[in-house]
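Trainee: What follows is each chain in one-letter form.
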Amino acid sequence: MTSNQYAVILVYSTSHALRAERVLQKAGIPCKLIPVPRHISSDCGVCLRIKQADEEAARRALETAGVEIEGTHRI
Amino acid sequence: MIYFDNAATSWPKPPGVVEAMVHFMDDVGANPGRSGHRLSVEAGRIVYDAREAVAELFNAPDPLRVVFGLNVTEALNLALRGLLRPGDHVITSSMEHNSMMRPLRALEREGVEVTVVRCSPEGFLDPADVEKALRPNTVMIALNHASNVVGALLPVAEVARIARQHGLLLLVDAAQTAGAYPIDVQADGIDLLGFTGHKSLYGPMGTGGLIIGERVDPARLEPLKRGGTGSRSELEEQPDFLPDMCESGTPNAVGLAGLAAGVRWVLERGVETIRAHEVALTQRLIDGLREIPGVTVYGGLDATHQTATVSFNIAGLEPSEVGLRLDEEYGIMCRVGLHCAPAAHRTIGTFPVGTVRFGLGAFSTVEEIDAALEAVRQFAQEAQ
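Chains as they are written, first to last, in my numbering: chain B, 1 to 75; chain H, 76 to 459.
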């Protein structure tokens, strides 16, 4: 079940998602922008998909860079 | 052909700008930040790249505090109308463009108090006069960084110190300086920086924006317009975070692709390098014009205290006549008249006739300056 290995980081806007993407790239954390899964949010925007193993490192990197996030969800 | 109208719109554009716009239209083209598919994400990334490039050039605290809009006029309207309330007092200068003056005069009718601090006939502002204009209800100082008529640089850093000392916001209209003169919003103490893409940032028209510093509370900022942002779609209320709260509607993404390329070009060449080139050419132009009998040059006459914009008149000739003949007989493009800045022309003593304005740019050359000087010499001689 590969889908169980992923988590998504929810952010406030596409601009925040793109900023977060840059921060994670610089921190060497693989990520991909994907549409927000409908069961998580009613939003029409994008979120960042990361490996669950990177969740803590990603949170730390984003916090250090001052990027606000709405939260993370395992998918 | 000699293009000396860079103070209005820079031309030509550096390599890469048109290519970036063509790439956007040919290969990307989707709505940025609205859908999750790859083209939409790529379009969003291109817009975000522009945000990062602008943030880097002006040392903005956060790329998400760069709000894009059509031009500096929209940026100034957002800052003024978005933050000033009836009963507030705002201080501005007598060298402002109508992009500052008209929104302020409209707000004045709605109960905002406006003080216009008089500048010298050369176009310079004494920070002490700003301090004298302070009132208990002063909340903002709003100034252009440099005049679009005579290029005079205003003492932003000194005024910023006054603003900090008294807890006021400083709004700077960088239409004439962004990309042509070093600006560091954090070091310079600029709370709100309005910029436009089509002048010294070498992007296309229809791009510009406002950098919103950390001393400005977004909750206090009233957006100019409301609408779809691609975020918080479940809500019928406007989002309350930057940049989305101020960027409703599909943006000029193709234009921002070009703006990003223009700003990258400025960063690569270096603002200091561009500035040195323009100072040398500007001084050559000022000195050359002053040698011609019958020619009056306005401003401080020292290129290190101004941008690459020079205003002058020829005795016995209307500016409009000079402009027409420069175009028709010498292929020199410039701008004549009042340059949307009646207050500035009153300050330097050229209202209502106006001046002839040469606006140089990063691609102007010594040969072009000398050819233009020859043309002016010819006209001046004939007019005597």
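Derived by calculation from the structure, the hints in this document are not laboratory data. Heads up, some of the hints might be wrong.
[Claimed, not checked] Coverage of chain H stretches by chain B, computed from C-beta distances (three or more under 8 angstroms per stretch; other residues unrestricted):
no.: 1; region: 93-104
no.: 2; region: 120-127
no.: 3; region: 299-309
no.: 4; region: 344-357
no.: 5; region: 423-430
[What the hints assert, rightly or not] Per label pair, the in silico range of CB-to-CB distance:
no.: 6; chain 1: B; residue 1: Pro35; chain 2: H; residue 2: Glu347; range: 42 to 48 angstroms
no.: 7; chain 1: H; residue 1: Ala294; chain 2: B; residue 2: Lys51; range: 34 to 40 angstroms
no.: 8; chain 1: H; residue 1: Ala203; chain 2: B; residue 2: His73; range: 42 to 48 angstroms
no.: 9; chain 1: H; residue 1: Glu347; chain 2: B; residue 2: Pro30; range: 37 to 43 angstroms
no.: 10; chain 1: H; residue 1: Arg290; chain 2: B; residue 2: Thr64; range: 20 to 26 angstroms
no.: 11; chain 1: B; residue 1: Pro30; chain 2: H; residue 2: Arg193; range: 57 to 63 angstroms
no.: 12; chain 1: B; residue 1: Lys26; chain 2: H; residue 2: Ala294; range: 28 to 34 angstroms
no.: 13; chain 1: B; residue 1: Thr64; chain 2: H; residue 2: Glu347; range: 51 to 57 angstroms
no.: 14; chain 1: H; residue 1: Lys300; chain 2: B; residue 2: Lys51; range: 36 to 42 angstroms
[Said to hold, decoys possible] Residues from chain B shown here face chain H by an in silico Cβ test under 8 angstroms; the list is partial:
no.: 15; residue: Ala7
no.: 16; residue: Leu10
no.: 17; residue: His16
no.: 18; residue: Pro30
no.: 19; residue: Val46
no.: 20; residue: Thr64
We put the CB at the ideal spot given by N, CA and C, even for glycine.
Trainee: Hint by hint, say whether it matches the structure.
Mentor: Going down the list of hints, with the structure as the test:
1. Counting residues of the region 93-104 of chain H whose CB lies closer than 8 angstroms to any CB of chain B gives 0, which falls below the minimum of 3, so the coverage claim is violated.
2. Using a Cβ-Cβ cut-off of 8 angstroms, 5 residues of the region 120-127 of chain H lie near chain B, which meets the minimum of three, so the contact claim holds.
3. Coverage of a stretch by a chain is defined here by at least three residues with a beta carbon nearer than 8 angstroms to that chain's beta carbons; for the region 299-309 of chain H and chain B the count is 6, and the condition holds.
4. With a cut-off of 8 angstroms between beta carbons, the region 344-357 of chain H has 0 residues touching chain B; three or more are needed, and the interface restraint is violated.
5. Counting residues of the region 423-430 of chain H whose beta carbon lies closer than 8 angstroms to any beta carbon of chain B gives 0, which falls short of the minimum of three for the stated coverage.
6. Checked against the hint of 42 to 48 angstroms, the pair Pro35 (chain B) and Glu347 (chain H) passes, with Cβ atoms roughly 44 angstroms apart.
7. Checking the proposed 34 to 40 angstroms range against Ala294 (chain H) and Lys51 (chain B) shows it holds: the Cβ atoms sit about 36 angstroms from each other.
8. With their beta carbons about 58 angstroms apart, Ala203 (chain H) and His73 (chain B) fall outside the hinted range of 42 to 48 angstroms.
9. Our hint of 37 to 43 angstroms for Glu347 (chain H) and Pro30 (chain B) holds, since their Cβ atoms are close to 38 angstroms apart.
10. A hinted range of 20 to 26 angstroms holds for the C-beta pair Arg290 (chain H) and Thr64 (chain B), which are about 22 angstroms apart.
11. At roughly 60 angstroms, the beta carbons of Pro30 (chain B) and Arg193 (chain H) sit within the given window of 57 to 63 angstroms.
12. In this structure the hint that Lys26 (chain B) and Ala294 (chain H) lie 28 to 34 angstroms apart at CB holds, the actual value being about 30 angstroms.
13. Hint check: Thr64 (chain B) to Glu347 (chain H), Cβ distance near 31 angstroms, so the stated range 51 to 57 angstroms is violated.
14. At about 40 angstroms, the CB distance of Lys300 (chain H) to Lys51 (chain B) agrees with the hint of 36 to 42 angstroms.
15. A hinted interface residue such as Ala7 (chain B) counts as satisfied when its beta carbon comes closer than 8 angstroms to some beta carbon of chain H; here the least separation is about 17 angstroms, so the hint is violated.
16. Because the closest C-beta pair between Leu10 (chain B) and chain H is about 11 angstroms apart, greater than 8 angstroms, the hint is violated.
17. The beta carbon of His16 (chain B) is positioned within 8 angstroms of a beta carbon in chain H (closest approach about 7 angstroms), and the interface hint is therefore held.
18. Checking Pro30 (chain B) against chain H: minimum C-beta separation of about 16 angstroms lies over 8 angstroms; hint violated.
19. Because the beta carbon of Val46 (chain B) sits about 5 angstroms from the nearest beta carbon in chain H, less than 8 angstroms, this interface hint is met.
20. Here the hint on Thr64 (chain B) is broken, as its CB sits about 13 angstroms from the closest CB of chain H, past 8 angstroms.
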